[in-house]
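There are 2 protein chains.
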Amino acid sequence: MLQVVIIGSGNVAQHLIRSFSTNAEVQLKQVFARQPEGLLHLLPADKITGSYNEIVDADIYIIAVSDDAISEVSAQLKFDNRLVVHTSGSAALEAISNQNRRGVFYPLQTFSKNKAVDFTAIPICIESEFDEDLSTLKNLGYTLTKNVYDINSAQRRALHIAAVFVNNFTNHLYSIGYDLCKENEIPFDILKPLILETADKINTLTPLEAQTGPAVRNDINTIQRHLDKLNDENQKDIYTLLTKSIQKAHEQKL
Amino acid sequence: MLQVVIIGSGNVAQHLIRSFSTNAEVQLKQVFARQPEGLLHLLPADKITGSYNEIVDADIYIIAVSDDAISEVSAQLKFDNRLVVHTSGSAALEAISNQNRRGVFYPLQTFSKNKAVDFTAIPICIESEFDEDLSTLKNLGYTLTKNVYDINSAQRRALHIAAVFVNNFTNHLYSIGYDLCKENEIPFDILKPLILETADKINTLTPLEAQTGPAVRNDINTIQRHLDKLNDENQKDIYTLLTKSIQKAHEQKL
Chain V
30 MLQVVIIGSG NVAQHLIRSF STNAEVQLKQ VFARQPEGLL HLLPADKITG SYNEIVDADI
90 YIIAVSDDAI SEVSAQLKFD NRLVVHTSGS AALEAISNQN RRGVFYPLQT FSKNKAVDFT
150 AIPICIESEF DEDLSTLKNL GYTLTKNVYD INSAQRRALH IAAVFVNNFT NHLYSIGYDL
210 CKENEIPFDI LKPLILETAD KINTLTPLEA QTGPAVRNDI NTIQRHLDKL NDENQKDIYT
270 LLTKSIQKAH EQKL
Chain R
30 MLQVVIIGSG NVAQHLIRSF STNAEVQLKQ VFARQPEGLL HLLPADKITG SYNEIVDADI
90 YIIAVSDDAI SEVSAQLKFD NRLVVHTSGS AALEAISNQN RRGVFYPLQT FSKNKAVDFT
150 AIPICIESEF DEDLSTLKNL GYTLTKNVYD INSAQRRALH IAAVFVNNFT NHLYSIGYDL
210 CKENEIPFDI LKPLILETAD KINTLTPLEA QTGPAVRNDI NTIQRHLDKL NDENQKDIYT
270 LLTKSIQKAH EQKL
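Protein chains in written order, with the working numbering: chain V, 30 to 283; chain R, 30 to 283.
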């Protein structure tokens, strides 16, 4: 059974704690948190420590803290030559202090405090300096999900940018849709089936094949009517830039 | 039982034909198509006509053709004072020739030729000049879905723009994600659970509440690293504009 210590108490840490706590193949030995009381709803007090000196032995130490804190936290660990990983999409493997064997265990998902996640649907991207550690991380990943991928640091950085486009920016487009509905006294619920179908469609078509709408049809009249109706300059700018980008993508590739 | 004639043979027409053909509450009396042979996989030949003179009596005539053709097609009809509707998100009710009683029956969804749609999940936006016709359209809508909405022309135009943002533009962001994966030899499948979760999240949170990522955290280091890594000027422009727009939205509203 894999023995795990988690270092951190944020969103990702808490989702991992929840998941490992009920995982028969993993022993969550301990969690380190600067404010242990913040985790008492998840764990008994004797499994939480606020002192680096008290961290116990384990096969894998998972540092789930903000990117900027990874270096400092990893340098505080009082042991060496053990497997220490972070969970970040954008931090380099080298952000971890080299007194230990370094790795990455990056679950590619958007974690909200108030929404449970199903780890079986989450891809986990792993990376390590040593083959044996990679295989340990793979085994840990497979206790959560079938989707475990070897992803090196350069790929992981690209993936993180791609995630910003398909998650953060997409969500912002939903937000603009929400605002347009509100302005016009339309219930936002009308758009939800379309939003879900748009996300589902790319399971059967590539995004390029799935593209519809006035931009790809080069329907200049509709595009102009839409721009005339938009009041917000920022919305106009986004409409114009994304319309051009769709047209460019289709000129190049079809 | 509502008697329906469909005029048109494109994507929307074909999805409506499929759905009404198996609908116990609707009698699909006839379909008009300029090229009747294109519909023989869906209907027996005697239910299809290519001549305006042969169009039969019905309660509702649904014109499902491109926006630009609505006026011309509706003016060709050889009868008057019947209920004639179009299915467009952006055309005005007045696009239909006023020799008949006009209305709109707009299913808000993205229709692809090769992907079946489930009408029970599709909102239908109806509009009409007369209360009695509105109630007929409502009844027809309810044979397909529980989600039938009274939406006037101005609202429908706004809704169509909102649909461009949450469907066409979102799909284009998926396309950029796909390109970034391809460039870096990452399987696009890694992003699919994130894409689905992003769409699902707005069932429990507003898009503004659901916003995560470097823009809303004002994480300038990560934003700069992402911009440095992007090679494509167009992708950089989109990244910059959407990042600013997220920051602006959150300054204004939180």
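Please note: incorrect hints may appear among the correct ones.
Identical copies go unnamed one by one, so any copy, or any two together, can satisfy a pair.
Heads up, simulated BS3-like pairs for lysine-lysine below, C-alpha to C-alpha not over 30 Å straight-line [stated by the list, open to error]:
1) K175 x K142
2) K211 x K58
3) K107 x K167
4) K265 x K58
5) K144 x K58
6) K107 x K258
7) K175 x K277
8) K265 x K167
9) K76 x K265
10) K211 x K167
11) K277 x K142
12) K211 x K76
13) K144 x K273
14) K258 x K273
15) K144 x K277
16) K273 x K58
17) K258 x K277
18) K258 x K167
19) K265 x K277
20) K107 x K58
21) K175 x K211
22) K107 x K277
23) K221 x K144
24) K273 x K167
25) K58 x K142
26) K58 x K76
27) K265 x K221
Think of the hints as simulated: they come from the structure by calculation, not from any bench.
Quick rundown of the hints versus the structure:
1. K175 x K142: within (24 Å within a copy, 32 Å between copies)
2. K211 x K58: Intra 49 Å, inter 39 Å, cutoff 30 Å: neither.
3. K107 x K167: The answer is within: 26 Å in one copy meets 30 Å, while 70 Å across copies does not.
4. K265 x K58: neither (53 Å within a copy, 44 Å between copies)
5. K144 x K58: within (25 Å within a copy, 48 Å between copies)
6. K107 x K258: neither (62 Å within a copy, 35 Å between copies)
7. K175 x K277: Answer is neither: 37 Å inside a copy and 39 Å across each miss the 30 Å cutoff.
8. K265 x K167: neither (46 Å within a copy, 34 Å between copies)
9. K76 x K265: For K76 and K265, neither the intra-copy (53 Å) nor the inter-copy (46 Å) Cα distance is at most 30 Å.
10. K211 x K167: between (46 Å within a copy, 23 Å between copies)
11. K277 x K142: For K277 and K142, only the inter-copy Cα distance (23 Å) is at most 30 Å; the intra-copy one is 39 Å.
12. K211 x K76: neither (47 Å within a copy, 43 Å between copies)
13. K144 x K273: between (36 Å within a copy, 27 Å between copies)
14. K258 x K273: Cα proximity of K258 and K273: in one copy and across copies (18 Å, 22 Å).
15. K144 x K277: Only across copies: K144 and K277 sit 26 Å apart there, 38 Å inside one copy, limit 30 Å.
16. K273 x K58: Close neither inside one copy (53 Å) nor across copies (43 Å); limit 30 Å.
17. K258 x K277: Both, since 24 Å and 21 Å are each at most 30 Å.
18. K258 x K167: Cα proximity of K258 and K167: across copies only (28 Å, versus 52 Å in one copy).
19. K265 x K277: both (18 Å within a copy, 15 Å between copies)
20. K107 x K58: Classified as within: same-chain Cα gap 17 Å, cross-chain 80 Å, threshold 30 Å.
21. K175 x K211: Between copies only: 22 Å across chains, 41 Å inside a chain, cut-off 30 Å.
22. K107 x K277: neither (54 Å within a copy, 44 Å between copies)
23. K221 x K144: The answer is both: 18 Å in one copy and 18 Å across copies each meet 30 Å.
24. K273 x K167: Answer is neither: 42 Å inside a copy and 38 Å across each miss the 30 Å cutoff.
25. K58 x K142: within (23 Å within a copy, 53 Å between copies)
26. K58 x K76: within (7 Å within a copy, 71 Å between copies)
27. K265 x K221: So K265 and K221 pass the 30 Å test inside a copy (23 Å) and across (29 Å) alike.
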